[in-house]
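**Student:** So the chains spell out like this:
Protein chains: 2
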Amino acid sequence: MDEERSRYVEEFGLLFGQFGLSRMLGRVLGVLMISDPPERSAEELAEELGVSRGSISQTTRSLIQMSLVQRWSRPGERRDYFRIKPGAWHEIMRREMEALGDFRKMAERGLDLLDSEDPSARRSLEEMRDFYTYWEKEMPTVLDRWEQESQSRDQKALDSAFRQS
Amino acid sequence: MDEERSRYVEEFGLLFGQFGLSRMLGRVLGVLMISDPPERSAEELAEELGVSRGSISQTTRSLIQMSLVQRWSRPGERRDYFRIKPGAWHEIMRREMEALGDFRKMAERGLDLLDSEDPSARRSLEEMRDFYTYWEKEMPTVLDRWEQESQSRDQKALDSAFRQS
DNA sequence: CATAGATTTCAATAGATATTGAAATCTATG
DNA sequence: CATAGATTTCAATATCTATTGAAATCTATG
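Protein sequence lines, in the order shown, are assigned to chains Y and S. Going by the working numbering, the first sequence opens with residue 168, and the numbers climb by one from there. Going by the working numbering, the second sequence opens with residue 168, and the numbers climb by one from there.
Just so you know, not all the hints are guaranteed correct.
[Unchecked claim] In the DSS-like style, the derived pairs of lysine-lysine whose C-alpha atoms are separated by at most 30 Å in a straight line are: (1) K304/S to K272/S; (2) K252/Y to K304/Y; (3) K252/Y to K304/S; (4) K272/Y to K272/S; (5) K304/S to K272/Y; (6) K304/Y to K272/S; (7) K252/Y to K252/S; (8) K272/Y to K252/S; (9) K304/Y to K272/Y; (10) K252/S to K304/S; (11) K272/S to K252/Y.
Simulated from the structure, these hints should not be mistaken for laboratory data.
All chains, please: the whole structure from these sequences, using the hints.
**Tutor:** So this is what it looks like as structure tokens:
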């Protein structure tokens, strides 16, 4: 992997780090994003990133569990390959969306805890609760709309996968 | 601070941790959220959380810089207080929103890097770019709508702050 | 403008997290 | 069903991050 690609992959990792996920998750995803063909074996990933097999094993397992990556085996070959799962970014956003509920619930618990009726004491928690309630309602709408609008693109991707197999 | 509140504050911290911010940021915010009156001095925060003054100093500085907390001084008192800034949650979401652009740019850089014209190699990056472009357009709309809908609530909060001072 | 209380800074360190690597396990094939 | 390549597991360790605490600095007041 050349210098420019290494830098790209490292920055992909940093972006994921900022975002609250592990850097290694981002690095592996980064390598897969710029791979042509778009799949890589565990061994290739380890070598391209200069990290141990064990590390790759743990990371690919997480990525698969998060539905961001899928295994890809070629008939007649023992080794497994990994590739980005279509809809991975949608999935990341869906997870974000679920976290909104945690924030709303935290606000509600706070209001229960705070038995004061003083509006100035309750204001921040009420604002928090109302804000996340609003987003919990709005996000699914926006996410669904994306799904509709990208339907034709998904169809093309499916066709392409079909032609290839 | 009683057992139940301590637990709440700790979980507030964990929620922030999951979210990609430091746990201490979340703890301090958590204490302020359930404080009545809604402001606390650095000393009170340190004591309630059982952490050093230095730690509080660094954390409040971050929270102020992030526009989540504001200083609050009472005339005739030397000591400073801190309280949650109205609109803090809106501000957190605004930051999230800005990160969307980083993801889109990362996708665009990837497409430049990948000189292959093979659609199956480009697919993931194109999906990533289109997805974040979509969200970059939609999020501000949804956030603005919140601002409108909560206008009357903000007005009430202002009145209340005015009555108190 | 000296004082004392309050706050900040930052080097040292405690504590948490990520990574390795070798042994154990798995799995497709002849 | 034995083999060899591939993968996973997990204890040990390296690395990174958070936290302390004491010295330095700041700031409102008489």
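**Student:** Does K252/Y sit within 30 Å of K272/S, going by the straight-line distance between their CA atoms?
**Tutor:** Judged against 30 Å, a Cα distance of about 20 Å means the pair holds.
**Student:** Hint check: K272/Y vs K252/S, CA-CA at most 30 Å. Holds or violated?
**Tutor:** holds, 20 Å
**Student:** Are the Cα atoms of K252/S and K304/S separated by 30 Å or less?
**Tutor:** holds, 27 Å
**Student:** Holds or violated: are the alpha carbons of K304/S and K272/S at most 30 Å from each other?
**Tutor:** Judged against 30 Å, a Cα distance of about 14 Å means the pair holds.
**Student:** Holds or violated: are the alpha carbons of K252/Y and K304/Y at most 30 Å from each other?
**Tutor:** OK: K252/Y and K304/Y at ~27 Å, within 30 Å.
**Student:** Run the distance test for K252/Y versus K252/S: straight-line Cα separation, threshold 30 Å.
**Tutor:** violated, 41 Å
**Student:** Within a Cα-Cα threshold of 30 Å, do K304/Y and K272/Y meet the stated pairing?
**Tutor:** Holds, because 14 Å separates the two Cα atoms, which is no more than 30 Å.
**Student:** Given the hinted pair K304/S and K272/Y, is their alpha-carbon gap at most 30 Å?
**Tutor:** holds, 28 Å
**Student:** Would you check the hint for K272/Y and K272/S, treating anything up to 30 Å between C-alpha atoms as holding?
**Tutor:** Not OK: K272/Y and K272/S at ~34 Å, beyond 30 Å, violated.
**Student:** Going straight from one Cα to the other, do K252/Y and K304/S come out at no more than 30 Å?
**Tutor:** Satisfied, since the Cα-Cα distance of roughly 24 Å is no more than 30 Å.
**Student:** Measure nothing beyond the straight line between the CA atoms of K304/Y and K272/S; if it is 30 Å or shorter, mark the hint as holding.
**Tutor:** holds, 28 Å
Hint check: violations occur at hints 4 and 7; the rest are consistent with the structure.
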